[in-house]
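If you want the building blocks of each chain, they are given just below.
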Amino acid sequence: MSAAELATSPAARPLRHVSTRFLRSELRLIFGRRRNQAGLGILAVVPLILAITVKVSTPRPGHGPDFLASITSNGLFVALASLSIELALFLPLAVGAIAGDSIAGEANIGTLRYLLAVPVHRTRLLAVKFAAITIFSLVATLWVSLVGVAAGLALFGGGDMTMLSGGQIGMGPAVLRVVMATVYLGLGFASLGAIGLFISTLTEQPIGATIAVVILNVMSFILDSIPQLSWLHEWLPTHWWMSFGDFFRDPVAWDGLTRGLLTAAGYALVFWLAAWARFSDKDVTG
Amino acid sequence: MSIFERNPALRWAVPAVTAVALVGGGSAIGELPASAGDGLQARTAAQLLVDVQQASLDGLSGTVVQKSDLGLPDLPIAGASGGTGSSDLTSLVSGTHTMRIWFAGPDKARMALLGTLGESDVIRNGQDVWVWASKDKTATHYVLPTHDAADKSATSPDLSAFPTPTALPTSPQDAAEKALAAITPSTDVTTSGTATVAGRPAYELVLKPKEATSLVAQVRVAIDGTEHVPLRVQVFAKSVADPVFEVAFSAVDFSRPDAAQFAFNPPPGTTVVEGKAIAGPGATDPALHAPQPGSAGMPTVIGKGWGTVLVAKVPVPDASAATSGSTSATTDKTIAQLMKFVTLLPTVSGSWGSGHLMAGTVFSALLTDDGRIVVGAVTPEGLYAALAAS
Chain A
1 MSAAELATSP
11 AARPLRHVST
21 RFLRSELRLI
31 FGRRRNQAGL
41 GILAVVPLIL
51 AITVKVSTPR
61 PGHGPDFLAS
71 ITSNGLFVAL
81 ASLSIELALF
91 LPLAVGAIAG
101 DSIAGEANIG
111 TLRYLLAVPV
121 HRTRLLAVKF
131 AAITIFSLVA
141 TLWVSLVGVA
151 AGLALFGGGD
161 MTMLSGGQIG
171 MGPAVLRVVM
181 ATVYLGLGFA
191 SLGAIGLFIS
201 TLTEQPIGAT
211 IAVVILNVMS
221 FILDSIPQLS
231 WLHEWLPTHW
241 WMSFGDFFRD
251 PVAWDGLTRG
261 LLTAAGYALV
271 FWLAAWARFS
281 DKDVTG
Chain B
1 MSIFERNPAL
11 RWAVPAVTAV
21 ALVGGGSAIG
31 ELPASAGDGL
41 QARTAAQLLV
51 DVQQASLDGL
61 SGTVVQKSDL
71 GLPDLPIAGA
81 SGGTGSSDLT
91 SLVSGTHTMR
101 IWFAGPDKAR
111 MALLGTLGES
121 DVIRNGQDVW
131 VWASKDKTAT
141 HYVLPTHDAA
151 DKSATSPDLS
161 AFPTPTALPT
171 SPQDAAEKAL
181 AAITPSTDVT
191 TSGTATVAGR
201 PAYELVLKPK
211 EATSLVAQVR
221 VAIDGTEHVP
231 LRVQVFAKSV
241 ADPVFEVAFS
251 AVDFSRPDAA
261 QFAFNPPPGT
271 TVVEGKAIAG
281 PGATDPALHA
291 PQPGSAGMPT
301 VIGKGWGTVL
311 VAKVPVPDAS
321 AATSGSTSAT
331 TDKTIAQLMK
341 FVTLLPTVSG
351 SWGSGHLMAG
361 TVFSALLTDD
371 GRIVVGAVTP
381 EGLYAALAAS
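Same order as they appear, the protein sequences are chains A and B.
Residue 162 in the numbering used here sits at position 162 of the first sequence, and the numbers go up by one each step.
Residue 372 in the numbering used here sits at position 372 of the second sequence, and the numbers go up by one each step.
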């Protein structure tokens, strides 16, 4: 997505050094906060629970999520099953919390004023904020995968992976596909984060922005399940997330994945611009 | 930037215009103007039919999207959830489904039904046919008799050679052949210029039933301008404007797919079922076939062309339980569910007796109280007439 490019856009070049420092300090803030660390800990619980319960009681094929029954054949599926469970609420909630906090949180505790006193253009401030959201989104998703892969390999071992198409691929390509699927989902969550960034510029209550993001996420899933709205489905921000399973077909079904990435990029661009429109002349009183 | 500083409200135009441009641009993809097919010379319907018959297809691969809106209530058949995004083969009767198709000659074909985090594959490689379902990790293996394969090679080999769970065509080739087979004096066949399907210019063949009782308004077949392969089949009902059934390539490539695409080895941990020799429907999962009248005698065909009506005896639950052995519990349950469902349908009666009517957009079905089932792509009146004639 455009986040990284935005962060180091041509306008930022004269201040390149300052720019990365700003981003690094932003990331230090995000990952240094106790509540965010606790959040990442909770995200890691799902793969652990999955791996242990499947180890204790083997699911029958044909029951439960598709990837769940495959766990016993290859530990890598713990990561995929965890992602398919967490993509509905947990991961969007985590990204929504960070995104909702990005502007509104600073406004709420009164630090936004000081941040804007620094000679940094507001546009670049927004770019750095979104870059940080994107990085957090990728890290959180990769973290879930990493815990899942570690727990899965420890309890079930690796080996050749059976794909949805029934073919098998070796461990190396399988790990690569898991990483690609994880990054794909991470970028999808980051586009939700752009919506959160926009909402965050509208309010001074970070929790309000977070709740709004979660509501939008759930709303998108609900709309996606109403057949009468099928014309709308392909435009919904969450519609293509489940396509991450397309990485595990033989050959990879790129159609849906490409549409998913384009949709994510579209939402990110439009809502980042909306945030810019709102924030550039916002009176900061907090 | 200065213009935005003078007039801050203008800033909002930037995300708004971007959103409109993205939505507009996104919608335009796949809906290229019909003028893309202008390069095609005009061809008559007869020429097109010949083109299709003479088309020699070396191989193709592509993505097919099938949409059906047959106006059916969700059938309470076990496993046939019928939902969009299901990879269950029985779900093809309703909703929108995406399939990937590979074809390399009559004895090498593969169809993959893509579901959400699931996939069902039907693979034919020589005399071997594999049916794979990722949901329950089962692989069913059929071996085609050699002479049968020779017979089938003339027609669509990919799906017709084994018991399909539904009679709906699942590839454009198959669908077009079914539609073209129905061309009799009962049909107006015309061409309507050109269309663009999967980014390729195509001719359009329009079939209009003459039969007054037919529910089908027209069947449109889009035929590739250079390869003469059907790319899209649409069925329009008289009662709705949108196609009630559509199967179309969303992407197609006419190069011969790699032979590795047709190799299937059941992965470890798979339940492998050796299917019985393929004799006809009814050999596989009894749940799929329980509501079908096959076991209770062959259905009677009344009328012809678009007005064709099938009349068959419905198996009663007891008889079915006696014949299907160990799986009778599921079958019984399915039939009981169906019977319960049938009683919810509106009651109709006439000189032929009385029964329950299910009126879909493109076909009607009638279950009479004396245990006959009557199905046809005709209005309910057409069914009554057929019953009176039988």
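Do not rely on the hints blindly, as some may be mistaken.
[Said to hold, decoys possible] If you anchor each label on the Cβ, the simulated ranges turn out as follows:
#1 G371/B with L48/A: 50 to 58 Å
#2 P8/B with T20/A: 45 to 53 Å
#3 V56/A with F254/B: 45 to 53 Å
#4 V179/A with A28/B: 16 to 24 Å
#5 N7/B with L89/A: 49 to 57 Å
#6 V342/B with R35/A: 30 to 38 Å
#7 L89/A with A16/B: 24 to 32 Å
#8 T53/A with V17/B: 34 to 42 Å
#9 A16/B with R259/A: 41 to 49 Å
#10 R35/A with R6/B: 18 to 26 Å
Hints are computed from structural coordinates only; laboratory data are not their basis.
Even glycine gets a Cβ: it sits at the ideal position worked out from N, Cα and C.
Consistency of the hints with the structure:
no.: 1; hint: G371/B with L48/A: 50 to 58 Å; result: holds (57 Å)
no.: 2; hint: P8/B with T20/A: 45 to 53 Å; result: violated (30 Å)
no.: 3; hint: V56/A with F254/B: 45 to 53 Å; result: holds (52 Å)
no.: 4; hint: V179/A with A28/B: 16 to 24 Å; result: violated (33 Å)
no.: 5; hint: N7/B with L89/A: 49 to 57 Å; result: violated (41 Å)
no.: 6; hint: V342/B with R35/A: 30 to 38 Å; result: violated (57 Å)
no.: 7; hint: L89/A with A16/B: 24 to 32 Å; result: holds (30 Å)
no.: 8; hint: T53/A with V17/B: 34 to 42 Å; result: violated (50 Å)
no.: 9; hint: A16/B with R259/A: 41 to 49 Å; result: violated (23 Å)
no.: 10; hint: R35/A with R6/B: 18 to 26 Å; result: violated (42 Å)
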